[in-house]
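Residue-level listing of the chains:
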Amino acid sequence: MKRRYIFLTLILALGIASFMASVFSPSPLDILSNWGLVSTILVSLAITAFFFEFEEAAVSSKEIALVGMLGTVATVIRIPFAAIPSVQPCTALIICSGYVFGPVAGFMVGAITALVSNFFLGQGPWTIYQMFAWGMAGISAAYLKRFNLSTRGLIAFGIIWGYAFGAIMNTWFWASFIYPLTLKTFIVAQLNSVWFDTAHAVGTAVLLGLFGKKTIAILERFKEKFQWGTLKTDLPPTLHVFASDT
Amino acid sequence: MISLRYRNKGTPVHKLNPFCKLAWAGSILVLALILDNPLFLLVLFLSTLPVIKAARVWKEWLSTMKFTLFLCLAIILINALVSSHGSHVLLEAPFRIPIMGAPVITLEAIVYGVAMSLRLLAIISAFAILTFTVHPDDMMLAMIRMKLPYKSVLVTSLSTRFIPTLFDDIERITDVQRSRGVELDKGRLTHRIRGRSSIVTALLSNSLDRAVQVAEAMESRAFGTGRNRTFYKDIRFSLIDVTTLVFALLPCALGIFMAVSKYGQYQYYPTLGGIGLSGIEWFLLALMVSILSVILLLAHVKQRVDLD
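Those sequence lines, one after another, are chains A and B. Those letters in the first sequence? Residues 1 to 246, by the working numbering. Those letters in the second sequence? Residues 1 to 308, by the working numbering.
Treat the hints as calculated values from the structure; they're not laboratory data. Where is the CB? At the ideal position from N, CA and C, for every residue including glycine. Treat the hints loosely; a few may be bogus.
Between beta-carbon pairs, the in silico distance windows are [to be verified]:
1. Lys262(B) to Leu42(A): 51 to 61 Å
2. Arg229(B) to Ala17(A): 28 to 38 Å
3. Tyr143(A) to Ala93(B): 39 to 49 Å
4. Gln267(B) to Arg146(A): 49 to 59 Å
5. Asp234(B) to Arg3(A): 19 to 29 Å
6. Phe147(A) to Arg192(B): 25 to 35 Å
7. Leu42(A) to Leu77(B): 23 to 33 Å
Generate the whole structure from the sequences, applying the supplied hints.
Right, here's the structure in full:
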């Protein structure tokens with residue numbers, strides 16, 4: 001709980017300071033007008049904040065094992081498709097796990113997928129943005145639960161995240177390597193990858209449309225088996241995993 | 001077959017403390033993002049090459065760089081097409097695009113694009129060292145030591161560890177489905193996708209069962225009960241490691257100093273600044289290169305000491 005506030009304060013302070021930097025122009029704060037650096041720091045702070053959130057949400061080994069395995073499956077289905085740009089079947093699985101297991105687990109599955117698959121595909125400054133983008137896909141999917149979800153809704157959500165993922169990655173590209181940072185250059189940088197993003201969006205939508213419901217059903221079944229979240233038994237907490245088997 | 005990009009080649013660079021390599025790559029990232037001057041960025045990129053040579057990862061590095069060149073091309077193209085702030089017009093399009101106006105290609109924009117490509121190359125080259133010479137387990141261990149949230153790191157290393165197992169699972173499930181008569185490589189695209197999905201759903205249920213087993217195994221080993229965690233493998237710090245770490249962090253400090261005092265900056269727009277550097281800037285450039293290459297020297301010293 002406490003750590004969440006530390007990170008919120010840090011993120012806020014950095015945000016305010018970077019606005020102040022341009023007001024008091026010739027000052028040591030000018031370093032903050034380096035947007036590539038600022039956005040990298042902000043995104044890594046946000047990711048670390050979510051990691052601390054998971055630290056408190058994961059009370060026992062079953063959460064750790066579940067999130068780890070879901071991340072592994074998502075990674076395993078990402079790697080073989082890496083040769084074809086932007087066909088990312090893992091996005092669909094991340095959305096399904098976020099939907100079933102809630103925002104924290106959804107974020108973790110997304111972030112772990114990006115981090116671990118890049119051990120195989122190559123780490124770089126883009127890793128944290130991918131962690132962030134897929135993490136956000138997982139988080140937002142958790143809020144779909146509030147609506148009565150149809151296959152059509154899932155397809156729409158897949159299309160949205162196909163493009164949103166590209167938009168987040170392009171924003172990194174734009175802030176770090178393009179000058180000047182204006183609306184015009186922003187739009188061009190976004191259009192740069194529009195075909196790849198379309199492929200990503202269509203792929204995710206097709207996968208979610210065909211197998212979304214089925215995957216969610218599988219995950220729901222295991223959620224019951226795992227008793228994720230509240231568990232009302234008289235057993236001591238360490239016995240939860242075994243309790244769910246009986 | 002898919003495998004980790006890491007190979008233990010036993011070079012001094014591979015044997016370096018993972019912390020030092022992390023700090024070194026982090027320093028290059030910070031320097032690359034702070035510096036503007038194309039000469040500084042070029043030198044920064046070049047200073048990663050000796051380390052790659054010492055680590056004997058040329059082949060892997062080249063394959064990474066091939067992919068990066070496309071990104072570089074995109075950077076140069078976008079900057080050249082979008083930016084109309086330069087004063088030396090090389091080419092002016094005879095037509096107009098509704099929102100953008102007539103595209104103008106200026107010398108300044110091209111030079112800026114090239115400089116930004118150098119920035120990207122330096123960053124990717126530095127991170128390639130991490131990917132190729134630090135084992136994921138060591139990376140995780142370093143993360144734990146840096147007091148990053150333990151459970152998240154554990155999830156990551158658990159996930160990394162299970163990837164080969166899951167690839168084996170895929171092969172087994174594929175064989176099973178084939179023997180059941182599921183046609184994976186024939187028919188229309190939708191048919192094929194359905195065939196593949198029968199593998200993925202089986203893989204998913206199978207791995208979730210595995211997750212239950214992992215949780216039970218962790219529980220039976222009393223995970224999360226002890227206060228002081230012990231590690232089977234640990235990263236030890238010798239005097240040389242500490243020295244290397246200091247030298248790996250120094251460039252970062254130097255970069256912040258240069259950013260605050262406005263050295264290593266360069267004027268691209270509206271007219272390119274002069275290429276000449278002032279005396280202090282030459283000195284800073286030389287200092288940066290020498291600090292960045294000290295890591296190689298120390299790596300050799302460490303190997304020497306470890307052998308003794």
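For each hint, the structure was consulted:
1. In this structure, Lys262(B) and Leu42(A) break the distance hint of 51 to 61 Å, their C-beta atoms being roughly 24 Å apart.
2. Against the hinted window of 28 to 38 Å, the Cβ-Cβ separation of Arg229(B) and Ala17(A) comes to about 36 Å, which satisfies the hint.
3. The given range of 39 to 49 Å is respected by Tyr143(A) and Ala93(B), whose C-beta atoms sit roughly 46 Å from each other.
4. Separation of Gln267(B) from Arg146(A) is about 52 Å and conforms to the stated range, judged on CB atoms against 49 to 59 Å.
5. For the pair Asp234(B) and Arg3(A), the beta carbons lie near 26 Å from each other, so the given range of 19 to 29 Å is met.
6. Distance hint check: the CB atoms of Phe147(A) and Arg192(B) are about 32 Å apart, consistent with the given range 25 to 35 Å.
7. Separated by about 28 Å at the C-beta atoms, Leu42(A) and Leu77(B) satisfy the suggested range of 23 to 33 Å.
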